[in-house]
Structures are given as structure tokens and as C-alpha cells.
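K.L.:
Chains as they are written, first to last, in numbering that gives the first Met the number 0: chain D, 0 to 251; chain F, 0 to 220.
Keep in mind the hints are simulated off the structure, nothing from the lab.
Predicted model, so just to flag it, every value in this text is computed and none were measured.
Watch out, some of these pointers could steer you wrong.
[Claimed, not checked] Derived Cβ-Cβ restraints for the label pairs, each shown as a range:
no.: 1; chain 1: D; residue 1: I37; chain 2: F; residue 2: E193; range: 20 to 30 Å
no.: 2; chain 1: F; residue 1: D35; chain 2: D; residue 2: Q203; range: 45 to 55 Å
no.: 3; chain 1: D; residue 1: Q203; chain 2: F; residue 2: L18; range: 47 to 57 Å
[What the hints assert, rightly or not] Facing chain D, a subset of chain F residues (Cβ under 7 Å, in silico):
no.: 4; residue: P175
no.: 5; residue: D178
no.: 6; residue: M179
no.: 7; residue: S181
no.: 8; residue: N183
no.: 9; residue: Q185
no.: 10; residue: W188
no.: 11; residue: M190
no.: 12; residue: A191
no.: 13; residue: S195
no.: 14; residue: S199
no.: 15; residue: V201
no.: 16; residue: L203
Every residue, glycine too, gets a C-beta built ideally from N, C-alpha and C.
What follows is each chain in one-letter form.
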Amino acid sequence: MADKRKVVSEEKSQETDRQFLERVNVKFLMQDVMGKIIANRPDDPMVFLADYFEAYDEQSGLIQKALQTIQMTHHSRPVFESNVSRAYNILNKHKVYKRVKGVNGVIYNELLQALCREIESSIVSKLMNKIECCDYEAVPYDVFRSGVFTCCVLQDYCKLTENLFQSLDLDKTGKADKILCDTVLQQLNTVLKNTKPDSNRIFQASHKLGPDILYHSLERAMTNNKGQTMITLEQFISDVCDSFLLKVKPLR
Amino acid sequence: MASMQEKSILCSIKPTVSLLVGDHKHDFFSGCKMFDVTFPNIINPEIGEICFQNFYVAQLTIRAKFRSADLNGQTGTLKWRTCVRKMQLMPNAHTEDGSHDYFTLNRKHFNFDIVNLSTLRFILHQPSPVWKDFKLEDIRFYRSPQVSKSTGLPYWLTEEQTEEKAKDKQKLQGLPDLDMLSANLQALWSMAEEVSDNQSTVPLGRYEVDGCYDINLLSYT
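Chain D on its own, in the form it takes in the complex:
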């Protein structure tokens, strides 16, 4: 036994740097991470690298790995699509029972919940009512992709709504005038409710949400009512998200 160990250690001392890198599999790992960092072009490469190696750890769960893969890039970038499909493949290793593996409702719902971690829980539960799968259901890729995409966009949507509220909160008190908010929301809703398959719709929408029309509707609303009802950020986000959720089709 002792002889054998000696031989191995001798072999080790003789190997070149290149051989060492190949043996410990670092070469492949570095190639992979470089490829990913180029494809995803993250804003903060250091955080990206840290997340990558965290998820590389075999101990972390499938969900964590899938989540990391999806969050590698913004949903507006083309590579997002292939990331989602890789996440789906990762989750495919999920054990349903004994030897059956695949993406079922349990793991899909868990992933969506993880994606929506930063969103208000009341909004998430409303969203989940629409796109949640039953635990026993097998989730096809198209449903998976649509659900993941919806969650990712909703996250941005909430952030943007927050910005919107900040601009409506004129006195910076954390509360905004209800009439002002309602008028803005109403304007958004009328545009979103137009579902005619018509290319004019885009121009109409941008016109309706343009400064001119906004000015007129706000002026009308503000002169008629001088009420001092206020609305909080949470309430406003919830209201604006409701109009977003109208666009999410419930699963059949």
C-alpha cells in the first residue's frame, strides 16, 4: 500500500501545469464560465462570478441552480431564452418518485415563488392563482417558459411602478394623491384593455399615454376634485399590478 501511494505522489509531482488543470477539471469550468459571462454580459461581472460558483456547488438544490441560470441575464436579452431552456433541463433531474424524473408542479411552483421573492406576497398569490400548476401535473416547456418570463417581467414592472409612484408623490411624504394616481391608472387601463389585433393599436397607445393626453385627463380630474384622499405605495403597486395580471392568461 505504501509503495502505491508513493508512486501516485511521484506521478503528481511530475505532471505539468496544463495536466494538472485538466485533471482537476478547472479548464472546463473556466471555459464554461467565460462562455457564459460573454453570452450574458452582466452589469456586475464579479457578482455574476460569485453566483456562478455558488450554484456550482453540488450541495445546492436544483431550484437554486435553475434560478441562478435564469437570473444570469435580463429577460430582454436574446440569450434569456436559451438560459430558460437550460434551467428547464436542470429541473428535469427532479425526482418525482422512484425512477420517474421530470418537471412537475411542485418544483415549477417552487421556482416561480423563488423568482418572485422580491414581489409583494399579495400580488404573488394573485399571480400564482393564474399560472400555478397542480403538484401532480407535468409541466411542458412552453408553460414553463411563459411562467418564468411572466415572473421576470413582473419583477421589473413592480420596480417601475415604484418609480412611477415616486414621481407622483410630489411632497415626498410616502403618500400620493389618490385622484392623481387613479387618473394615471385609468389611463393605463384603457390602453391595456384595447386588445384589437391591429398595428394601429401601438400608435394609439403611445398617443394616449403621451404627455398631451395625460395633461388633459389630469387637468380635468384635478379641477373637478380637490379631495385630499391619499394612497400608499403598496396600494398603488397592487392596483397597477392588477392591470398587469389581466394580461396573464390562466392555465388550462
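Once you've looked at the hints, dock chain F against the given chain D.
P.N.:
Here is chain F on its own, set in the frame of chain D:
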């Protein structure tokens, strides 16, 4: 399109005949073709407009065979008259110009009103030998000229923003920055639209509708 408003007149278009010059052994194309159009299901057809797409026809002549007005209860005699004479469809027969244009002929182009019609004969001229074939495509006849309703410009194009308006805006107190507000709202709208375009259409095969089963799907077994 305006022509959708009125149905085109039913007609039967006879096969095109190439007019040849010379005897049977040594004939050659004269650069002239003709075909007849009849209106078998219509009594006293009347034509106000003819639409077609050109295919390398340089000049077009249309002749009409119609019954002259009845005299003392006797049916009038059949007569041929030239309705359109050598109308130029291609400015230069040897070049592509106008070779695929759409044409609409109406009463302005006709030498007389086409009423009591029996047959229309289209005579196609193409003096240039460079084109392999020439014909008219997609021929349609209408009773009255199609008034092309000019669809007005949409309101979002016609309303213009004047300088004064922009100044007025600043006056109203208690309003946020409208440009930013508008940009924000448009971004929200585009996100919601994007999501709605990306919704899955794959059914999971659920039986419940709003949490209930359809009674017809349950069976006694």
C-alpha cells in the same frame, strides 16, 4: 379597400386567342391577342367600372357588342362599337414601365355608357417581341364606379402640439413631470403587452373550469 363594398358582376371570361398572321404553315404572332367576356346570368348588364392587373400588355382596346334600343316592340339589332381605343398601358412597349400596374377604367375612359351589353371583347396589343407572354389578370367588373372613400388620418396624427400648449402645461400646479410620467406609463404598457404576447397556449388538459368539474365529464363506472 373600397371595391369590397360592392360585389363584382358575375361573368364568364373566354379563353384568350392569339391572332396569327400568315397561312397555317408559316404563321407567326401578330402581337395581338383577344378574349371575350359574357355575362350569362344577368339581364341587360351594365358596367360602370373595370379593374384588372396588367401583365405586359402595351395597349388595350375594348369593343362592346350590344343591343340597340327597342323599336316598336321589336328587339334591336346587335352592334359592335369600340368602347376604349388603344389605351396605353405601358408608356414604352419595350421597357418594364407599367407592365404590372393595376388599372381601373370607368365611365371617364369609356366612349359611351355600357348598357344592354351582350359581349365585351378585349383586344390586347404588344408590339414588342421581347416579352414572352402578355395578358390581363384578375379582371373584375362593377356596376357602379367604386367610390374610394379616403380614410382620414387617425386622430393621433392630426392633433398637433403647439408651442402654446406646452407653455400652458407648466401653469397647472400640483402635477408631476409629464414627460417622465408618460415615459413610465409607456414602459409599463409595453411590458404588459410583451407578457400578453408571450403567454403559453399549450393546454395542460385540465378538466376543471373555475375550480369545478363539468358534470358531463364525470361518468358512472
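K.L.:
Each of the hints needs a verdict: does it hold here or not?
P.N.:
Hints and how they fare:
| no. | hint | verdict |
| --- | --- | --- |
| 1 | I37(D) / E193(F): 20 to 30 Å | holds, 26 Å |
| 2 | D35(F) / Q203(D): 45 to 55 Å | holds, 50 Å |
| 3 | Q203(D) / L18(F): 47 to 57 Å | holds, 56 Å |
| 4 | P175 | holds, 5 Å |
| 5 | D178 | holds, 6 Å |
| 6 | M179 | holds, 6 Å |
| 7 | S181 | holds, 5 Å |
| 8 | N183 | holds, 5 Å |
| 9 | Q185 | holds, 5 Å |
| 10 | W188 | holds, 6 Å |
| 11 | M190 | holds, 5 Å |
| 12 | A191 | holds, 5 Å |
| 13 | S195 | holds, 4 Å |
| 14 | S199 | holds, 4 Å |
| 15 | V201 | holds, 4 Å |
| 16 | L203 | holds, 6 Å |
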